[in-house]
Amino acid sequence: MGAESESESGSGVQSIDPDDVDAADILGSAIERREDPALLTGDAEYTDDIELPGMVHMTIKRSQHAHARIEDIDTSEAEAMDGVIEVFTAADLDVPGSLPTGWLLDSLEQVDHPILAEERVRYQGDALAVVVAEERYVAHDAVDRIDVDYDRLGAVVDPDEALDDDAPVVHDDAGDNVAFDWEIGDAEKTDAAFADADHVVDLDLENQLLIPNAMEPRAAVAEYNPSNDELAVHMTSQNPHLHRLLMSGVIDHPEHKLQVRAPDVGGGFGSKIHHYADEALVALAAKRHERPVKWTATRTETYLTDAQGRGHDTHAEMALSADGDILGFRVDTDANLGAYLSTFAPAVPTYLYGTLLSGQYDIPAIHCSVTGAFTNVPPVDAYRGAGRPEASFVVERMVHLAAKEVGMDPAEFRRRNFVGEFPYQTEVAVEYDSGDYEKTLDRALDILDYDALRERQREAREDGKYVGVGLSAYIEACGLAPSELAGQLGAQAGLWESGLVRFHPSGKVTAYCGTSGHGQGHDTTYAQIVANELGVDYDDVEVVEGDTDEIPQGMGTYGSRSAAVGGSALVKSSRKLVEKAKRIAAHQLEAAPEDVEFEGGDFQVAGAPDRSMHITEIATQAYLAHDMPDDMEPGLEATSFYDPDNFVFPFGLHAAVVEVDPATGEIEIERYVAVDDVGNQINPKIVEGQIHGGVAQGIGQALYEGAEYDDNGQLVTGSMQDYTVPKAEHVPEMETDSTCTPSPVNPLGVKGVGEAGTIAAPQAVVNAVCDALDVEHIDMPLKAEKVWRAANAATDGGEN
Amino acid sequence: MEFDGTFGLDDVTTEEVWLALSDPVMIENALPGCQFLVEVDDPDDVDFEALEEAAADEENPPTLPEADPEDVAERGLVEGGHYAALVQVGVGSVKPRFETVVTIDRREFPEMDASGQGSASDSSFEMDSGMTLVETENGVDVEWWTEADVFGRVAQMGQRVINPVANRVVGRFFKQVQKELSDVGDESSGLRDRISNYI
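Protein sequences appear in the order of chains H and V.
Heads up: the first sequence at position 438 corresponds to 433 in our numbering, and the numbers run straight through without jumps.
Remember, our numbering sits 134 above the position in the second sequence when you count from 1.
Honestly, the hints are just simulated from the structure, not real lab data.
Check before you lean on any hint, since a few could be wrong.
What the hints assert, rightly or not - Some chain V residues well away from chain H (every beta-carbon gap over 12 Å; in silico):
| hint | residue |
| --- | --- |
| 1 | Val174 |
| 2 | Ala188 |
| 3 | Asp191 |
| 4 | Ala218 |
| 5 | Val268 |
| 6 | Asn301 |
| 7 | Ser316 |
Said to hold, decoys possible - To give an idea of the interface, some chain H residues facing chain V are shown, with a C-beta separation under 8 Å as derived from the structure:
| hint | residue |
| --- | --- |
| 8 | Asp139 |
| 9 | Arg140 |
| 10 | Leu710 |
As the list claims (entries may be wrong) - Here are the computed distance ranges between Cβ atoms for each label pair:
| hint | chain 1 | residue 1 | chain 2 | residue 2 | range |
| --- | --- | --- | --- | --- | --- |
| 11 | V | Gln169 | H | His687 | 52 to 58 Å |
| 12 | H | Arg449 | V | Glu281 | 50 to 56 Å |
| 13 | H | Asp167 | V | Arg240 | 33 to 39 Å |
| 14 | H | Ala723 | V | Ala188 | 52 to 58 Å |
| 15 | V | Lys229 | H | Arg449 | 54 to 60 Å |
| 16 | H | Leu35 | V | Asp181 | 56 to 62 Å |
| 17 | V | Gly167 | H | Thr719 | 29 to 35 Å |
| 18 | H | His725 | V | Asp138 | 32 to 38 Å |
| 19 | V | Pro166 | H | Thr719 | 18 to 24 Å |
| 20 | H | Asp186 | V | Pro298 | 54 to 60 Å |
Glycine included, each C-beta is placed from N, C-alpha and C at the ideal position.
Could you put the whole structure together from the sequences, leaning on the hints where they help?
Structure below.
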C-alpha cells in the first residue's frame, strides 16, 4: 500500500498491511481489516443469501392502525391462493408466545407482549398473521389478501401526552400509561444546592425518536429436523446466545436443541439486540411445516417494527455559583417506551441514562427522575449509545447555557468544573475508572486554534455572518459490569463474556468469543489480541463468533463492550493457556516452571538461551501427549468467563464549527474536530472508523433524522425518502485525534469506542448553531425552518 | 391531513353545477379510478363484490345534457343517503382499491357536507368533506375542503406523496365536470330553465 498522506488536516490514520508489522507490534497497529475483502467482493454471507433445499418463504400481516381492537381476521382468500401453504394467527399458536423483558425495575409494570396480536394492536406494524408460501412473492401477495376488521381506538404518540389523565390507554394493566417511575441521586441535597445557588439555568428539551436504519434489514432462516428435534435459526443477531435463551422460552423449544447463528450482519446499532416476534415466528413456521423457512423484512417493515431509539422529553435545571461552579443538577425526563417493553427497554432511560448525568464534571448534588411511558409507537430500546447520548445531550446543552449565564467562555467553564482526580465517585452511583479531561479539551482547542476562531467569529458577525462554535465534552460508560451489580439493578442476564482460545496440533489457533460482531472488525482486533498474547503469527489466528453451536456461551455485542469484555476474556484464556504451555515447556526442557520465561512465543530457560521451545511446538507436544508433566491432561486450550470489576469510561471533546445563514436557516458545518480517549487502542484505524461512523450518525440526529407520527400514530417518515439518513454529502470532513488514558479495569487497558461519536456529536452541532445565532435552544433535528424561525426571532430581539 | 381548494368553472350557473355534483353518475364518470358509485341502504353492510359485478354488467345512463334533468334529479344525492364506491388510486408504488362508503350529512343549496371512509387491504382512510358553490362573474367557484385521516401503507408515504395525488384527483375530477357542463351551457336556455326547477 502506498503511504500517501490521507487528509489535508493530517489527522487520518493510515492503514497498514499486517505483513509489514513486526509480531511484537501487532497489538496497537492500524492493520487492514481482514473481513473487508469478503464484504467488498460480495463473498460475505448475509442471512438473505442463505438458500436451503425445500425452503419456503414467510411474510407477516401487520396492523395498519396504531391502536385498534381486532374484530376479525379473515385469512380464507389468502389461504386459497396457489402456492400458499398456511396462514396462521394467534388463535393457531400453542406455545407461550410472549416476548420477555430482559431488565426489570422495582416499579416496572410488565405487560404481555404477544408475538401475534389477538385482540388488540398497539402500534402500526404489530404482527397479526403469518403467511407461509412456496415463493417469496406469493407470500407477499397473500398478505395483502388477509382481511382484518378493526375497531379503531385513539392513539397517543408523545410520552408527555401519554401521561395526561385523558390520554388513550395503551395497556389496560397500566391505566395511566406509566411503565415505571425511577429516580437516582439525592433529591434533598439537590434542593439544598439550588437554594444556595447564585444562578439557575433551566431548559425544556426533546431528544427525538430515531429509526436505526441498519443497512441490512432484519432477516431469519430457520430449519428443523424432526428426527432429532434440532432447530437452527440463522438470523441477523447481535447476540445469538441471548436470542437462543429467550427464544427457547418464547417458542417452548429446548435451549440445547436450538442453534442460533449470526452469519455476516450488516449493521445493527442496537436494533438487532432485541428479541422480536418475527424471528420466533420464522422458527415456529419451520417447526410447523418441517421445511426451511425464510423471512426478510422489507425496508417498510424495518421502519415500522425495528425498535427505535431515544424519545425523551426532559426538563433540566442547573444551579451555579457566582464564579461559575456547578452546584447542583436536576433532571426530569419522560421517556417514550413505545407500545410494549422491548428486551432491554427499561434499562436504557434509567441505568444507562441517569448514571451518566455527571458528565465530565464534579457536580456535588444531582437528582434525576424518569417516568417511562407506554405509547402507540413501536417499542423503543437501545440504539447506538443507548441512554448515554441522551444524558450527554442534556449535560452539554445545560453546560453551554450555564457558561453563558455566568459570563464565562464555554471551554473555561468546562475546565473549571472538570473532574480532576480518579477514580471519581459520582453522585449518580457510578465510579469513573480513569480520565484526563483537560488533555482532550486542550488538544481540541489546539486543533481548532480556539482563540483565533473566537476572534474570527466576532469579525464574521460584524460582516453579518453567523459563525458558531459548539463544544461537547462527553463521557460514556462501556462494558457494563459486574454481573452482580447488574443483577441488583434488575438485569435478567449476566454481563460477563466467554472466550475460548484453542491451539490446534499444527500450531494454528482458533479464538472463539461470545460477542457477535456485525461490522466492528472483531476478526481483526481479536486476532491482534490473541496473536500478541500467544506470540504467534497474526495470520495463524482465526476468530469465530456468532454461532451458539461453536461457542460455549456469550452475551453478544452491544454497548461498546466487545473489546473491553470479550477481548479481555480472550486475554484471560490466552494467559491460562500460556501457563499450561509453560509447564509443558518446563517439563520438556527439564527446568522448574518458575525458571522458564515467556516472550514473543518462546519459552526459554532463564540464563540458558539455547534451551527454548516455541509455543507452537508445545501445542504439538500437548496433543501428542507423549511427554507431559504428571497429572496434566493432553490438549492445549482454555476457556474463560470474564466478568469485569467495573464499567470503563471513555471520554473526549468534540467540537463543531458552523456557519448559519439566517435568511434560509441553512447550516454548514465548516469543521468537525473529534479528540477521543478510548484508552489503549487495539487498532487505531478501526477506532477512527468507529468515530467517523458514530459522528455521522450523531450529525444525522442533530440535523436530519427523526421519526414523525401523525395524531393517529401513523408513521409519516416511513421510507428513506421521508426519513433523512445522512449521506456522504451531509457529513463533513472530520479532524480526528486521540489521547490515551488506559483503563485500570481490564487487562487490555481499553475503554470502548463503538458509540463515542454518536454520543458526542449531536450537542456539539446544536451548541454550535445556538452559539452562532445566540439563541437558547432549538430542538433537533435542526431543519432549516426551525433554524430560520429561531434566527429571525433572535435578530428581531425576541426570545426564540 | 387537510386539503382544500377552489375550482373555477366557467360559463355555468350555480344550479347546473349543483345538479351535476349531485349526480352520482356524473361523479362516477368524472372521478379518476372510480369503478362504481351507487346508493346503498345500510352503510355497514355493503357487498362490494356483488356491486362490482353488477356495475360491470351495466352501462351507465346518460348524464347532462343528454339526460333528462328530471331523471338526474331523481337519482341525485339526498341528505342522509349512503353511497358506496370502489375507487382505485395509484399512490406512489402502491395502487390500493378503496372500498368506500360516503354519507351525505348536509345538503342545503348551495352547500353540501359529506363524510365517509374507505378501506383497502393495506391502507384505509376516514374523511369529512364539504363544498360551497359561489357565483362569480364568469361562472361558479366550487370551494371545497377535506379533512382526512389516512392509515397504513399509504399514510406511511406521508404528505410528500399524498398531496400531489389528492391534487391530481381533484383537478382531474373538476376538469371532467367542467367539460361535461360546458356541453350543458351549449344547449338551449330551455335546459337551464328546466334544471333550475329541480333545485
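> Was the hint right that Arg140/H lines chain V, CB cutoff 8 Å?
Replying inline: holds (7 Å)
> Is the nearest CB of chain H more than 12 Å from the CB of Ser316/V?
Replying inline: holds (39 Å)
>> Checking a non-interface call: every C-beta of chain H should be farther than 12 Å from the C-beta of Asp191/V. Is that right?
In response: Given that every Cβ of chain H is farther than 12 Å from that of Asp191/V, nearest at about 23 Å, it holds.
> Closest CB-CB distance from Val268/V to chain H, is it above 12 Å?
Replying inline: holds (31 Å)
>> Interface hint check: Asp139/H, Cβ to nearest Cβ on chain V, cutoff 8 Å. Holds or violated?
In response: Nearest chain V Cβ about 4 Å off; hint holds.
> How does the Cβ-Cβ distance of Gln169/V and His687/H compare with 52 to 58 Å: does it lie in that range?
Replying inline: holds (54 Å)
> Is 54 to 60 Å right for how far apart the beta carbons of Asp186/H and Pro298/V are?
Replying inline: holds (55 Å)
>> Can you tell me whether the CB distance of Lys229/V to Arg449/H sits inside 54 to 60 Å?
In response: holds (58 Å)
> Lying within 18 to 24 Å: is that true of the beta-carbon distance Pro166/V to Thr719/H?
Replying inline: violated (32 Å)
> Is the gap between the beta carbons of His725/H and Asp138/V within 32 to 38 Å?
Replying inline: holds (35 Å)
> Beyond 12 Å from every Cβ of chain H: is that where the Cβ of Ala188/V lies?
Replying inline: holds (20 Å)
> Against chain V, with CB atoms and a cut of 8 Å, does the hint on Leu710/H hold up?
Replying inline: holds (6 Å)
Of the numbered hints stated above, the single one contradicted by the structure is hint 19.
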